[in-house]
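There are 2 protein chains.
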Amino acid sequence: MLGDAIARVQGEVDSLFDALLPVPEDTSARLIEAMRYAAIGGGKRVRPLLVVSTASLFGVAREPALRAGAAIEAIHVYSLIHDDLPCMDDDDLRHGKPTLHKAYDEATAVLAGDALHALAFEVLADPETSADPFSRVELISTLGTASGMSGMAGGQMMDMVADEEGVTYDLPAITRLQQLKTGALLAAAVEMGAILGKVPPQGRAPLRAYARDIGLAFQIADDLLDVEGDVEKAGKALRKDNEQGKQTFVTLMGIDKAREQARALVDQAVGHLAAYGPEADILRALARYIVERDR
Amino acid sequence: MLGDAIARVQGEVDSLFDALLPVPEDTSARLIEAMRYAAIGGGKRVRPLLVVSTASLFGVAREPALRAGAAIEAIHVYSLIHDDLPCMDDDDLRHGKPTLHKAYDEATAVLAGDALHALAFEVLADPETSADPFSRVELISTLGTASGMSGMAGGQMMDMVADEEGVTYDLPAITRLQQLKTGALLAAAVEMGAILGKVPPQGRAPLRAYARDIGLAFQIADDLLDVEGDVEKAGKALRKDNEQGKQTFVTLMGIDKAREQARALVDQAVGHLAAYGPEADILRALARYIVERDR
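Read top to bottom, the protein sequences are chains D and X.
According to the numbering used here, the first sequence is numbered sequentially starting from 1.
According to the numbering used here, the second sequence is numbered sequentially starting from 1.
Bound conformation, chain D alone (with noise of 0.2 Å):
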C-alpha cells in the first residue's frame, strides 16, 4: 500500500515539475535543464508524500497539495545541489547518477540550486496552490523558517562547524542540529498539510508530536545507513561519517540503542495519530518505512 502510495507521488511530482520548469527558447536553457536533472527522476519524495497525506486528512484536493509539496521537495532539491559542491561535502554521486556540479560545472550547479529556492517561493505564492492568500502566506512563512537560518541552513552550519572546527556535540546538541537540519523540514511538510486543511494553530499539536518524531527517526535511520548501508541502494556514497570522526547518533548511542531508539520513536509518532482512523494509515506506515528503508 504504501509503496503505492510512494510510486503515485514520485510520478506526479516529477510531471508537476516537469510542467513547471518549460526550457525556454534562449540560452537561459543551459539553467533549467539542469534544475530538470536535479528535480525530475529521482528521491524518495517523503517530504511531498507527507504534505499530500496529512492534507488528504483534511478533504484536500490532490492537486494543490501535490504544488505544495513540490514546493517544499523544490527546496530539499536545491539543498542536497548546495550540499554536494566540492566546497561542502564534495560528493559526485546523488540518487544513483552524478551530483549536479559533476554533470554540468560547479556555477551551474550554484545557480540552478538558487533558481529552485525561488521556484518554491513562486508556487506558493501562485493562486493554485490555495485560493486564500492567507493561506498561501502561511505556507511561505512555515516554508521560509523552516529552510533559513532558524531551520535547515542553521543546521547544516552547525554541521559545518563541527566538521571543520572539530567542536564535538553531545546527544542533546546532535538531536537539536538534526532538528534543525533535517526535523525542519519534514515537520513543515506536515504542517503544511495541516494548513492546506485550515486546521487551526492549536489543532496542529499531535500532527507537529507526530512530525517531531519521524523527523528524529528519520535522521537516526539515515545514520545507521550509513553505517549498514548498501552503497548501490543508496544511490550516494556512504560510510562518510565514521571517515570523517564525525558524532551521529550511532557513533553516540552505538548501533543497537540507534535502532532500538529509532523503532521507539516511530511507536511514539504513531500513538500520536490515535485520533484518527484509516486515512492517516499511510502516515502511519510512512513511519515504519522511515526507520526500515534502505535507501
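Any given hint could turn out to be false.
A pair holds if it fits inside one copy or across any two, identical chains being indistinguishable in the list.
Heads up, simulated DSS-like pairs for lysine-lysine below, C-alpha to C-alpha not over 30 Å straight-line [to be verified]: (1) K257 to K102; (2) K198 to K257; (3) K198 to K97; (4) K198 to K240; (5) K198 to K233; (6) K246 to K102; (7) K240 to K102; (8) K233 to K44; (9) K44 to K257; (10) K257 to K97; (11) K102 to K198; (12) K246 to K198.
None of these hints come from the bench; they were simulated from the model.
Based on the hints, put chain X in the right spot on chain D.
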C-alpha cells in the same frame, strides 16, 4: 537632497538587518555572523530606496516599505555573494572589503547566501510587512519571479553561457540578458512599492516604464564604470569585461554612444513620472544618480 535620502535609507536598512539577524548562542552563530558581514554596512541600497520612494508616493508608512526594501536587498546581497564565488566571477573585493568567501570560506558563503535568500521571503510573509495577506503574497510572487529562473538567475545563466561557451550576443540579446540579470530586481523594487501602495496593476504602467528605463540605464552605467571607473571608489574589481573579451553595451555601442543612450533613457524615465508632483523628486534624482554615480 538625494544624498540625504540615500544616507537615511542606508542607516535604516543596516538597523533593520541588525534587528533581523540576532546572533544565536549555538554554533549556528557563524552563519548569522557571515550573513551580517555581507548584509550590513555596504552597498548603495538603490533597491530599498526605490521601494521606499515609490511607496511614499501613495502614503505608505516607512516601516513596512523598509521591510520590503530589506527583503529585496537580501536577495541582491545573496546574489552578490554567490556571484563572487571562485566558481562564478571569483572576486576578492566587494564594497571595499574582502568578499564573503575570502573573509570566511566558500561553504559558509554558499550557505549564508542561501539563508539570506530564505530571509527575504520570511520577512515578506510576516504581517509586519503588510497587514493584508493578499499584498504580502503579491510582494512574494513579484520578488520570487524577479529573482528566479525567469528573472535574475536566468539572466545570470545567459551571462555565464556567453563567458564559457563563447556565445556572442547582439544588442537586443544583451538588452534582454540585462533586463533579466539586473533590470528584473530593480523593476521588482518599484513594483513592490506600488503593491504596498495598493495601486492596482493597471495603474502601475508609468511606474513600470520608469523602472524598465532606469534598469537599462543602470546596466549601461555599470558597463561604462567598468571601463572608466576608479577601483578605489568602486570598491570592487573593474576592467573585467574587457579582459574577458565580453560583449557589453560599451563594446557594442562605443563609449560615447553608450553614455548618450544612458542619458536618453534617464530623460525618458523621468518623463514617465510626469503625472506625479514633487513627491516623486527622489525617484527623478535617483534616475539621474544611476548614470552619474562613480561606484
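Structure-based check of all given hints:
no. : hint         : in the structure
1   : K257 to K102 : neither (37 Å within a copy, 43 Å between copies)
2   : K198 to K257 : neither (39 Å within a copy, 58 Å between copies)
3   : K198 to K97  : neither (39 Å within a copy, 48 Å between copies)
4   : K198 to K240 : neither (42 Å within a copy, 53 Å between copies)
5   : K198 to K233 : neither (39 Å within a copy, 54 Å between copies)
6   : K246 to K102 : both (25 Å within a copy, 26 Å between copies)
7   : K240 to K102 : both (19 Å within a copy, 27 Å between copies)
8   : K233 to K44  : within (12 Å within a copy, 51 Å between copies)
9   : K44 to K257  : within (26 Å within a copy, 56 Å between copies)
10  : K257 to K97  : neither (33 Å within a copy, 50 Å between copies)
11  : K102 to K198 : neither (43 Å within a copy, 46 Å between copies)
12  : K246 to K198 : neither (42 Å within a copy, 53 Å between copies)
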